[in-house]
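J.: Could you put together the complete structure from these sequences and hints?
These protein sequence lines map, in sequence, to chains A and B. Using my numbering, the first residue of the first sequence is number 12, and each one after it goes up by one. Using my numbering, the first residue of the second sequence is number 12, and each one after it goes up by one.
Simulated from the structure, these hints should not be mistaken for laboratory data. Note that the structure is a prediction, hence the values are computed from the model and not measured. A portion of the hints provided could be inaccurate.
Note: identical chains are not told apart, hence a pair may lie in one copy or across any two.
Keeping only pairs whose Cα atoms sit at most 16 Å apart, straight-line, the calculated EDC-like set for lysine to aspartate or glutamate is [as the list claims (entries may be wrong)]:
1) K59 - D151
2) K16 - D111
3) K268 - E286
4) K51 - D151
The primary structure of each chain is shown beneath.
Number of protein chains: 2
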Amino acid sequence: MSERKWYKSAGPCGDTVVSTRVRLARNLDSYPFPCRISEKQQAEINQKVNDSLLCDGSFNFRYIDMSQLSDTEAMAMAEKRLVSPDFIKDRTAKALIVSDDETISIMLGEEDHIRIQVMRPGFDLEECYRVADKVDRILDAHLNYAFNEKLGFLTECPTNLGTGLRASVMMHLPAIQSAGLLNQIMTTIAKIGLTIRGTYGEGSSPLGAMYQISNQVTLDISEESAINNLKSIATQIMEQERSYRSTLIKNPAVEDKIYRALGTLKYARIMDTKESISLLSDVRLGVACGLISDTDIDTLTGLCIDTQPANITVITGAASSQERDRQRTEIIRRALCSKQA
Amino acid sequence: MSERKWYKSAGPCGDTVVSTRVRLARNLDSYPFPCRISEKQQAEINQKVNDSLLCDGSFNFRYIDMSQLSDTEAMAMAEKRLVSPDFIKDRTAKALIVSDDETISIMLGEEDHIRIQVMRPGFDLEECYRVADKVDRILDAHLNYAFNEKLGFLTECPTNLGTGLRASVMMHLPAIQSAGLLNQIMTTIAKIGLTIRGTYGEGSSPLGAMYQISNQVTLDISEESAINNLKSIATQIMEQERSYRSTLIKNPAVEDKIYRALGTLKYARIMDTKESISLLSDVRLGVACGLISDTDIDTLTGLCIDTQPANITVITGAASSQERDRQRTEIIRRALCSKQA
Chain A
12 MSERKWYKSA
22 GPCGDTVVST
32 RVRLARNLDS
42 YPFPCRISEK
52 QQAEINQKVN
62 DSLLCDGSFN
72 FRYIDMSQLS
82 DTEAMAMAEK
92 RLVSPDFIKD
102 RTAKALIVSD
112 DETISIMLGE
122 EDHIRIQVMR
132 PGFDLEECYR
142 VADKVDRILD
152 AHLNYAFNEK
162 LGFLTECPTN
172 LGTGLRASVM
182 MHLPAIQSAG
192 LLNQIMTTIA
202 KIGLTIRGTY
212 GEGSSPLGAM
222 YQISNQVTLD
232 ISEESAINNL
242 KSIATQIMEQ
252 ERSYRSTLIK
262 NPAVEDKIYR
272 ALGTLKYARI
282 MDTKESISLL
292 SDVRLGVACG
302 LISDTDIDTL
312 TGLCIDTQPA
322 NITVITGAAS
332 SQERDRQRTE
342 IIRRALCSKQ
352 A
Chain B
12 MSERKWYKSA
22 GPCGDTVVST
32 RVRLARNLDS
42 YPFPCRISEK
52 QQAEINQKVN
62 DSLLCDGSFN
72 FRYIDMSQLS
82 DTEAMAMAEK
92 RLVSPDFIKD
102 RTAKALIVSD
112 DETISIMLGE
122 EDHIRIQVMR
132 PGFDLEECYR
142 VADKVDRILD
152 AHLNYAFNEK
162 LGFLTECPTN
172 LGTGLRASVM
182 MHLPAIQSAG
192 LLNQIMTTIA
202 KIGLTIRGTY
212 GEGSSPLGAM
222 YQISNQVTLD
232 ISEESAINNL
242 KSIATQIMEQ
252 ERSYRSTLIK
262 NPAVEDKIYR
272 ALGTLKYARI
282 MDTKESISLL
292 SDVRLGVACG
302 LISDTDIDTL
312 TGLCIDTQPA
322 NITVITGAAS
332 SQERDRQRTE
342 IIRRALCSKQ
352 A
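T.: As structure tokens, then:
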């Protein structure tokens, strides 16, 4: 895992978009869905998928037997969104195939036999889809997908039937949140089959003003249409956010809040996850608006992951919550101060 | 006023003692006390005092006609404690004689005809008294003090009768305050004729944990005894504070608070007086305990004065409270960042 992780690099429209993700739900024809599958059968699928990818050789993947991981290691993967929270609850017969830069992760034994996921920094739906599609074609060439001419790809949950595609854009929307416009946006985009929800907590003010916008419709729609719909709406929201920011940032109290957040991040010696997400969000707004040049968007995106509890433990070995709160500030200082020099 | 001001230099025991002050209340024999004096008579006294000092020539003084100052200039002097708040209310016929470094200030027309005041950084009662006594002797040689063999120096208010001396030590007592020991100290020292009160607000938790300890007894006591009593008690309190600090500073929450205070002072863009006093106090504790080396005690003492409202206006020309809150952060940043380089 020596390659630079995707979440530590810049991406397009990084001022407002943190990351983009595309996932494809796939199942094999000759096996029962995961809710009824035996451990042995899922293990067979895992083997087949891995063999197919090795045989193809286009990507450099690692195969991880999830049952061999500690709870903390598994949790750290969920914090990075390499795997879903559900995936790590019972890890028997589950496996993850992951690329060195962690942009591609393939969950084996989640709600479907195979979940191909591609994540990239910034706003990059086409590239995410292109890569996911490439992996999908490799597997399709080697394996027998459960597919119905009328319905499309068959999935365990009917909400994924059809394309099996869920694309999502994680956006940083502090100005829209502060203007109280989120409920309105939520209602509007629901009408065209999209949904928006807080990344760190639901409700009208999720922590850090981080939101995920994703498509809900998978039936009777092409992958391209689903991607284009989402792209078009996310672009509109992005432009609205930028426009509201230009007003917001002129407010001296907001400027003060942003600088104080940077000062606190650079100097605090104890900090919990909630506070760090909130302060990193404030500083992110400051960098995006050109107010702060001490650090950059990549560093802040990386910190949002490195300061999550399980990742801290993986990085530093911190065993207790107190020790993590302490190490969190060291990780932040190291990242923010190296950029300054 | 080019000389470095006293409050921007280090003093003895600066870890716990901010400054020391000695003042002598004196009146002239042939004039009524200020409560009954005419403007013309007080003006005569002002002239005589100034002439005496000029004639002697030991000190390099400036003579300031208080009626010529703006309210802001007068208020800035009160914030520096060069003059008392009462002294600047009605400034008719009042004058101030002040040394370049502002250690010596002589109020003419306060509650007494003449109030000689000497202030120095840190714990320095002897030197304050030595200088005050020197000024006193010069005036005594040229003027006729109101003096009674039995009572000593005669003053308008009977609480100053005798020595006319009030010595005070401004101490920074965050550890004693945090341990809740102040009421106990207050009761104890009252019994031996001393008093302790908050510099920025009364009650059990004055802002910034700054306290003034001063003598109350002026009758039937020598100047030396009064000074020695105060010195002995202040020394005990100082040692108690240091001892409590060694425990307090080991508390991770306290360490965190100190570093956060420094971060906020270095980065905030809007700050009111109360917050700045409180944060400067936290950082002062950090510097005194060797936790923080980015800045020093002199800088912090200077900032406690330069960030007071009227001083900000004098320094920067800021006209409104909003503008002062903004300029306050600039003054702080300039002071804290120059030290860092």
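J.: Now look at each hint and say whether the structure bears it out.
T.: Against the structure, the hints come out as follows:
1. K59 - D151: within (12 Å within a copy, 106 Å between copies)
2. K16 - D111: within (8 Å within a copy, 62 Å between copies)
3. K268 - E286: both (13 Å within a copy, 14 Å between copies)
4. K51 - D151: neither (22 Å within a copy, 106 Å between copies)
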